[in-house]
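Engineer: Turn these sequences into a full structure, and let the hints steer you where they fit.
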Amino acid sequence: MQTEPLAPAGTSPFDLPLARLGWADPPRWLLLGLRDFLRAPGIGLFFGGCFVAMGWALLKVFQSAPAYVLALSAGFLLLGPLLCMGLYRVSQALERGEAPDFGDALLAWTTRPGTLAIFGFVLLVLEMLWGRAALVIFAVSFDGMPDFQGSLARLLQPDNLPFIATYCGVGALFAGLIYAVSVVSIPMILDRPVDAITVGLTSLRLVLTQTGVMLWWGALITVLVGLALLPWFLGLLVVGPVVGHASWHAYRAALGPGTTGFART
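Under our numbering, the sequence shown has 47 at position 22, and the numbering climbs by one with no breaks.
The hints are simulated quantities; they were obtained by calculation from the structure and are not laboratory data.
Treat the numbers as computed from the prediction; the structure is a model and nothing was measured.
Check the hints yourself; a few may be wrong.
Computed spacing ranges between beta-carbons, pair by pair [to be verified]:
{"no.": "1", "residue 1": "Val165", "residue 2": "Gly47", "range": "36 to 46 Å"}
{"no.": "2", "residue 1": "Ala124", "residue 2": "Ile189", "range": "28 to 38 Å"}
{"no.": "3", "residue 1": "Asp40", "residue 2": "Ala78", "range": "35 to 45 Å"}
{"no.": "4", "residue 1": "Asp184", "residue 2": "Glu120", "range": "47 to 57 Å"}
{"no.": "5", "residue 1": "Leu131", "residue 2": "Leu202", "range": "42 to 52 Å"}
For each residue, glycine too, the CB sits at the ideal point set by N, CA and C.
Structural biologist: Put into structure tokens, the structure is as follows:
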């Protein structure tokens with residue numbers, strides 16, 4: 026296996042070489058993620074516990090303000106990748122043959138805080154737009170904010186099907202956009218001296234040029250996380266860190282190592 030020479034750190038995101046991915050790659054990433062989780066279970070369970078706590082918090086808010094919790098649930102797509110940065114650090118250390126360090130994982134965000142803050146702000150804006158759109162859909166569909174008294178069953182009544190279809194359609198649009206610009210962005214920030222625009226455009230380019238495989242990867246994540254939510258969010262205790270580790274391997278498969286520049290194997 027040969028490695029191409031490293032390009033300067035300022036290389037355009039449109040010039041970055043992307044590896045050709047196959048349909049068998051996403052399941053392989055999950056297996057590699059499971060392997061990393063089993064090699065550092067304590068750190069993984071800590072971050073998994075954070076995901077579970079987020080789910081419980083949203084469930085608690087739902088009991089009193091369902092309209093707002095549906096909007097704020099989009100925050101999973103903002104906080105999730107940021108929390109996963111610690112998991113990416115663990116996978117990076119294991120890849121280098123180093124022993125993962127809990128403190129290092131907690132402080133992974135300090136690697137390039139400026140770039141991470143800018144990219145996080147972009148995700149925050151998208152999440153706020155999504156949340157605002159969700160509240161508008163509630164207001165238009167129900168002539169104001171309805172009171173479901175914390176009952177999901179009442180929300181899912183047949184009379185509310187037009188609302189559900191509209192809400193899910195708008196949600197899919199925003200979720201797809203956030204996924205497209207962030208699927209490999211944060212691992213790339215951790216691994217390379219790049220700016221927020223470069224990581225976002227590179228991630229978007231990967232999704233647009235290899236749409237089928239990346240949609241397959243997104244579908245796997247959605248199904249696994251959806252199933253993990255069912256038993257009172259407890260499934261996230263394991264699924265969360267496994268998907269986090271797997272996302273690091275997805276980044277590696279698409280772009281290869283690049284601690285000091287851009288490279289392709």
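Engineer: Verify the CB-CB distance for Val165 and Gly47 against the hinted window 36 to 46 Å.
Structural biologist: Cβ of Val165 to Cβ of Gly47: about 44 Å, so the range 36 to 46 Å holds.
Engineer: Is the hinted range of 28 to 38 Å satisfied by the C-beta distance from Ala124 to Ile189?
Structural biologist: Because 48 Å falls outside the window, the suggested range is violated.
Engineer: CB of Asp40 to CB of Ala78, is that within 35 to 45 Å?
Structural biologist: Holds, since Asp40 and Ala78 (Cβ atoms, about 42 Å apart) stay within the stated range.
Engineer: Just tell me: holds or violated, for the beta carbon distance of Leu131 and Leu202 against 42 to 52 Å?
Structural biologist: violated (29 Å)
Engineer: Between Asp184 and Glu120, does the beta-carbon spacing fit 47 to 57 Å?
Structural biologist: Since the Cβ atoms of Asp184 and Glu120 sit about 53 Å apart, the hinted range of 47 to 57 Å holds.
The structure fails to meet hints 2, 5 from the earlier list, while all remaining hints are met.
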